[in-house]
Every structure is written in C-alpha cells, then in structure tokens.
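Student: Residue strings, one per chain:
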Amino acid sequence: MIEVKNLYKSYRHKPVLNGIDMFVREPGVYAILGPNGTGKTTLLKIWMGLVRPDRGEVSIQGKSVLNDNAYRNQISYLPQIARFPDNLRVKELIRMTEYLRGNATRKNEMIELLGLTTYLSLSFRNLSGGTQQKVNLATCFMYDSPIVLLDEPTAGLDPVTLLRFKQFLQQEKERGKYIIITTHAMGLVEHLADQIFFLLEGRIHFQGTVQQLINQKNVNELEEAIALLLIHNQQTTEV
Amino acid sequence: MKQILQYSLLDLLRSRWMIGYGIMLFLLTTSMLYLTGDYMQVIISLMYVMLYLIPLLTLVIGIMYGYQIREYISWILAHPLSRKQVFSAYYFSLSFSLMLYFLVGVGIPFFIAGIWQSSAIGALGMLLLCGSLLIIVFSGISLSIVFAFDNKLAGLGIALLFWFTCTILYDAFFLIAVIAFQEYPLDVWAIIATILNPVDMSRILMIFHVNLSALLGYTGAVIRQDLGAWKGTLGIILGYTIWIIMPFWFYLKLTTQKDF
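Heads up: the protein sequence lines correspond to chains A and B, in order.
Just add 566 to the spot in the first sequence (first one is 1) and you have the working numbering.
Just add 2 to the spot in the second sequence (first one is 1) and you have the working numbering.
One chain only, chain B, in its complex shape (with noise of 0.2 Å):
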C-alpha cells in the first residue's frame, strides 16, 4: 500500500486542478481578511464557504481522478497486489491532498495575519476540522460513485444530485416537514434528519463551538436543546464515523468485486 499511497499523492500533489484548488483557498482566505480584518467575521465568512463549496470541489476533483484512476487501474491490478490494499491507498491520498491544500489554503493566510495572539485560534481550529471532516467524506462519496458508474458523465451527474441534496434541498425538504407536521413533535427526527446530512453536522458542529446561536437552525437549536453542546458533539462524532466508515467500506466492496 506505501508504494502506491507514494506514487498516487505523488501524482495527485503535482495536479494542476490541486494546484487550483489550494490557490483559490489562498487567495479567498487572504482577500477576506486583508478587506475585514476581523478573525471571526472572516471564519464565519469561510465557514459558509467550507459548507457549500468544500463537499462540491472534493466531488469534482474526486470524480476526475476517479476516473483517471480508472483509465490506468487495470495496469496496476496485474502487479502483485492486493485490491483492498491498491484501492484503500488512493482513497487515503485523495483525501490527504485535499486536506493538505485545505488546511494550507485557510490556515497559513490567518497565520501570516498573525491569529495565534487572538482567541479566535480556537474557532479556526473547528473550521479546519470540519472542512477536513467533510472533505474524508466526500472523498469516499466521490470514488464510491466512479466505481458504480462507468459512465463519467452519469458519474459526475450523480455526485452533482447529490452535493445538491445535502445542501440545497435538504433546507427546503426540512422546512416542508417543519410546517407540514407542526402539531408533531419534530426533536427525534430533527436528530435524524443531522445524521443523514454530512453538511448540516458540520454546519453544527461549527456553531456549537463558535457561539454563534443565531446561526444554529432548526436541527442546531433542537440537538443542543435535548442532548447540549457537548452530547450533541459526541452524536455528530458518531454520526461522522458512520459517514466516514459507510462509503469506504462500499467503495472497497465495490472494488474488490469489480471486473476490470
């Protein structure tokens, strides 16, 4: 597997869509904060960017090099190796080098501007996990959808529905559930509804840790109500793990079974 974790962050570091991924960060964090210069304005500026564009840049870049992956896959299958081990290692860099130019991308401008003498180190701290928690599980979502379809366009399509899903009609199907079923209790389902949604937990997750109460929601406001900040947290970890775990072990099962 280190041979081709090696090779694959090797190839996906030096990729000219990376490149451009971890440029635009760089450039959106230091024209935030050179115009505001405020840490937390800035962070709750990011904190939407990291939510909407985040899941959506991880599935396109993934999407590509899963396809690109897919072109050259059966080279690497004829060597002696195990697929778990092929497949598990260009997951692992995927999500790596989207991490790496994330946390590059966001953190070394507020570092330059010079946020470890201010408290909101701690807010940054929170928007860099979740963006990083968010980018592992779209990086599983994105190379379980290459190998399920092998039309790219279908592909690309379907990861598209999908980021469109967790961030758009998510909103709108909650509020529809919210008026359509007021005479209900909502609190269970609200807690449900957070699980399903890879980006609404980060969203709350973010807020919890920010103070930032006005920003919570719906689904926010109702998890710390019942289970409090720090239980709620702990659902969300859970809940994490099970989007963490679900599309890798798909992908793998997917993989191993294929026929290249």
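One chain only, chain A, in its complex shape (with noise of 0.2 Å):
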C-alpha cells in the first residue's frame, strides 16, 4: 500500500533522513517515533509532497507520489502546526476545503464531536491555539479517506476532546484505515500502535509492535524503553 525506498533528504548540507526504508501493506495504526528533528514531519511532508527527497522513492498503492498531487485525495493529513487564513471564519474554512476536495462526508459529525458548534462564526484571528488545532482535525476527519497521516494531532487538546479523539480514532482503526502518527504521546502510542517505526538520526533504529520493544528492552512500559534506546544510542556514539 505504502512504500518508501532508500529516502535521503538533507537541508541544507544537514542530513534529515539517512536513507529510509518502510513497508505499509496491512491497515492498522503505525507510529513513527523518535526525538525532535530525527525527520519524523519530514517524512510525513514528503508524502505529501510538501518536502522534495533529495534521492528515493516514495509510492502509494504502487504509484510514485513525486510530481503528482491527485493522490492526496485518498489522504487525510493533519499537519503539525495549524495556522490558517486570520480573516476567514471556520465555516468559510470548512465550505474553502469542500471546494478545495469535494463533498465531505462527515462534516457535521467532527464539528459535533470536536465541539465546534459554537465557533463556526467566528474568525481565525479569535481563536486559541487549541481551538485551532480541533478545527485542523475537524478538516482533516471529515473525509474518509482510506490513509490517514496524522503528525503530533495530539498537541494543543483539552482532555475531554483527547478522550474523544483516542476513542474516534480507535473506530477508525477498526473500520480497517491505513492510520500512521508521528507522536510524543506514549499513551495513544502504547493503547492504538500495531507497528512501531524508531527513527534516529534519519534512520530506522527499530521496527516492531509495541510488546516487542518492552520485551527487547527488559523493561515494564514503552517510555522506559524508548528512553533505554535513546541512551544506549548516545553512550555508542561517545563510543
């Protein structure tokens, strides 16, 4: 379904991604984890096509995603940080993505569920910054799209709406989606992640499920693992 091949991106001289190498045949929810600034959003953004590689492949379905754009119709991506136009109202942004993508399906169910009933008139400008990222996942759940790319979608919510969103997207999961997240919240990593990739220094440090790494590592939860991972990596490089 989805696969990546010997992907390099630097920027500027920096390398980012160091030749990855990702397999995504069967549906289920797959978490990219790593510190800050491994390439966790850039491979995201590349699949987007936000992000140029600087060499590799990158296909959907077996179509090369690179210099195309009607495959993100199939895609429902929520970027990192959501800023959107100060002067346009959430329903003009909603009616702007339906023009933008088509008819969506599930409009008025994400505005009920992530409560944004109330907010619909009112301009960017007067929103807080949680709000803004409810109406982000808002515009990205209203379509249902067989792959969802979700990068931080946690960051910026209230607990009740965290809850809901945990709980959606444990639906989503079942209704049989291709769900892959970058995330630091260990939590929704360790309740929803069938696979998880380890990302370090632009390379994939680990593949496997959740239960496998706690298993590796000897340890009782997934943060004590990931932690074990991170400062072995470190005493090897002083090494």
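FYI, nobody ran anything at the bench for these hints, they're computed from the structure.
Just so it is clear, CB atoms sit at the ideal spot from N, CA and C, and this is done for glycine as well.
One or more of the hints may lead you astray.
Said to hold, decoys possible - In silico DSBU-like links for lysine-lysine, alpha-carbon gap of 35 Å or less:
| id | chain 1 | residue 1 | chain 2 | residue 2 |
| --- | --- | --- | --- | --- |
| 1 | A | K673 | B | K233 |
| 2 | A | K580 | B | K4 |
| 3 | B | K233 | B | K255 |
| 4 | A | K571 | B | K86 |
| 5 | A | K739 | B | K260 |
Claimed, not checked - Over the 12 Å line for every Cβ pair with chain A, so calculated as not near, a few chain B residues:
| id | residue |
| --- | --- |
| 6 | V106 |
| 7 | F176 |
| 8 | M248 |
Hints are included, so try docking the two chains, each in its own frame, into the full complex.
Tutor: So, in structure tokens, the structure goes:
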C-alpha cells in the first residue's frame, strides 16, 4: 500500500533522512517515534509532496507520489502546526476545504465530536491555539479517506477532546484504515499502535510492535524502553 | 485556482490593513480636492504619492500577507492541487485587491467631485493606470522576496532596500553618472536606466501624457527626444511587460521547488 525506498533528505547540507526504507502493507496504526529533529515530520511531508526528497522513492498503491497531486484525495493529512487565514471564519474554511476536495461526508459529525458548533461564525484571529487544532482535526477527518497521516495530533487538545479523539481513532482503526501517526504521547501509542518505527539520526533504528520493544529492553513500559534506546545510542556515539 | 482565488480575495478584502490602505487613499484624495479644487494640481500631487507611496505600501502589505500565507500554505498544499495554480491565485488576489482599493480610494473622490465633465479625466486615467501597473510589479516582487527569504525581518529589509533604490538612490546614482560621464553620450544608458526602474517608467509615462515637460527629468527628456512620446510609451510598455513577467516567473519557479 505505502512504500518508501532508500529515502534521503538534507536541509542546507544537514542530513535529516539517511536512507529510509518502510513498508505499510496491512491496515492498522503505525507510529513513527523518535526525538525532535529526527525527520518524522519531514517523512510525512515528503509523503504529502510538501518536501522534495534528494533521493529515493515514495509510492502509494504502487504509484509514485513525486510529481503528482491526485493521490492526495486518498489521504487525510493533519499538519503539525495548524495556522489558517486570520480573516476567514471557521465555516468559510470548512466550505473552502470542500471547494478544494469535494463534499465532505462527515462534516457535521466532526463538528459535533470536536465541539466546534459555537465557533463556526468566528474568525481565526479570535480563536485559541487549541480550538485551531480542533478545526485542523475536523478538516482532516471530515473526509473518509483510506489513508490517514497525523503529525502530532494531540498537541494542544484538552483532556475531554483527547479522550474523544482516542475513541474515534480506535473506531477508524477497526474500520480498516491505514493510520500513520507521529507523536510524543506514549499513552496513545501503547493504546493504539500495531507497529512502531523508531527513527534516530534519519534512520529506522527499531521496527516492531510495542510489546517486542518492551521485551527487547526488558522493561515494563514503552516510555522506559524508548529512553533506554536513546541512552544506548548516546553511549554508542560517545564510544 | 478559482477556489483559492475566491477565498484569498475574501481574506484580503476584509484585512484591516487593506481597508486602512483604501481609507487613507480616499481621505488623502478627498482632502486634496477639497483644499485646492483644481483637478490637475491634485493629479500632479497624487502622482508623487503614487510614485513613492504605492510601491512602498504594496511591498509592505505584500510582505506581511506573504509571510502570513507561508504559515498555512502547507495546509493548502496538502490538498489535491497543483502548486502553480495555488501560488498564481495568491499573486492575482494580492495584486487585484490592492488595485481595487487604489482605484476606489483615488477614483471615487474624483468622480464625486464631478471630474467626468473636465478635460483632466485623461490625466486621472493615466494616474490610475500607472498606479495599477506599479501595484502589479511590486506585488510580484514582494511575494518573490517572501519565498526567497525565510526570515521575516530579512525579507522586509530587502523589500525596503529595493524601494529605497528605486525611488531615492536611483536619482542619486543617475545624477552622479551624468556628472562623471558628462563628456560621453548618455542617451542609450538613460533609456536602459529607465527600463531598469519601474518607478521611473511610471513617472515618465505619466508625464508624457499629461504634458508637463518640466517634470520629465533627464531620462524622460532623452526618451522623448530620441524616441518620441508614443515610441517612448511603447518602450515603456515593453519594460513593464518584462517587470511584470520576471518577478512572477521567479516567484513561481521558487515556490514550485521549495520545501514547505
């Protein structure tokens, strides 16, 4: 379904992705983890055509995504930092999204789930960061796309919305979607992820299930296992 | 492209900066008309406003709007749209909305004052045309600067430097060149220098068609003497075509290759 082959990317001669190979063949939740600056967001952006790779190939359903844009109809993408035109109202942005992508089948459902009804007539300049993130989630999930790419989806969400979002994501998983998520929220990963890709210095350092990582590091929690992975890497680098 | 154009126009036309820009031009024109009562005198005064202030305001508003677009452009580009269409739409909506506020802010007071009965209407038309051309040129330049410089302050600094070069340094450089090379023929250089500066092109185009030879300056006088007013106008139109196409082409090239 989604394939990444030998992907390289550097920014101003600083390598960010150093030969990534990834395959996502079965539906499920795939978590891309790693410390800040390891290329998680860059990887998602290359999938979306926002960043051009220096080398390598990215394909969805066997078709290369480079130099194409029609494939984005099959993807719901949530960018990490959502900013919208200051002078547009929420309902206008939703209408604009529908103009750009066609009618959204789950528009009202998402507005209700995220509690956005009272904000529809407000301009973005009058909205808090958390509410803007909710609009971001609404415009992402109002389309019932088979592939979902989420870049730090839980940032800025209040506990109630976070709980609803987790339940919603669980339902989406059960409906057979391909969900790829980058996050620092380990609770979400432990709860939902079928597979982990742990990125370090632009390479995939670990690939497997949450339980495999916990067993490998002989600890009780995912957070601990990840910390051990990082410490081990630091010690290897120093030596 | 239509969809982006429609929503970016909505965003821009509602922007407080744009509304302030329109109101400022409206009040300035109205107060000048009220104080002098002479259409031609007001048009000549507004010519200087158009030559100095319009490029500056277009650059500043374009830079601010451009950096605002940059904050949410990745959200737009994640939709199934071609980059060329998205960025062309932003360019057209910026130049169109600035032009609309300029035409309304300057034009309406003249029509309220009854200019259609006067012979000065041609001069007003030329003022509005030259101002609109400057808006198109400087909109392209401002958006090119925005996507060439990631740092907002650096972008604003480059834009101000460009404006300062076109409006103030240009005259100083030209004066120095005339004094230093007074023994050589400078006619060809004068024509080249004019085409290199969109502000000077607007000044000459305006003065050619308003019959104010005293305001032509050295470059204008050379163009009129060597090429004649209409040939000079054609040369200036050619110059404008280059000035409109080049920044737009550079902006599209930059944005289609950039990482967002």
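Student: Now tell me if each hint is right for this structure.
Tutor: Evaluation of the provided hints:
For the proposed pair A:K673 and B:K233, the alpha carbon gap of about 59 Å is over 35 Å, so the pair is violated. For the hint linking A:K580 to B:K4, the alpha-carbon distance of about 38 Å lies beyond 35 Å, and the restraint is violated. Distance check on the hinted pair: B:K233 and B:K255 sit about 33 Å apart at the alpha-carbon level, within 35 Å; holds. As the CA atoms of A:K571 and B:K86 are separated by approximately 28 Å, the hinted pair is consistent with the 35 Å bound.
Taken as a hint, the A:K739 and B:K260 pair is honoured in the structure, with Cα atoms around 34 Å apart against an allowance of 35 Å. The beta carbon of B:V106 sits about 19 Å from the closest Cβ of chain A, which is more than 12 Å, so the claim that it is off the interface holds. Consistency note on B:F176: stated as away from chain A, and its beta-carbon is indeed over 12 Å from all of that chain's, at 39 Å minimum. With a minimum CB-CB distance of about 24 Å to chain A, B:M248 clears the 12 Å threshold, and the non-interface call stands.
Consistency note: the structure conflicts with the earlier hints numbered 1 and 2.
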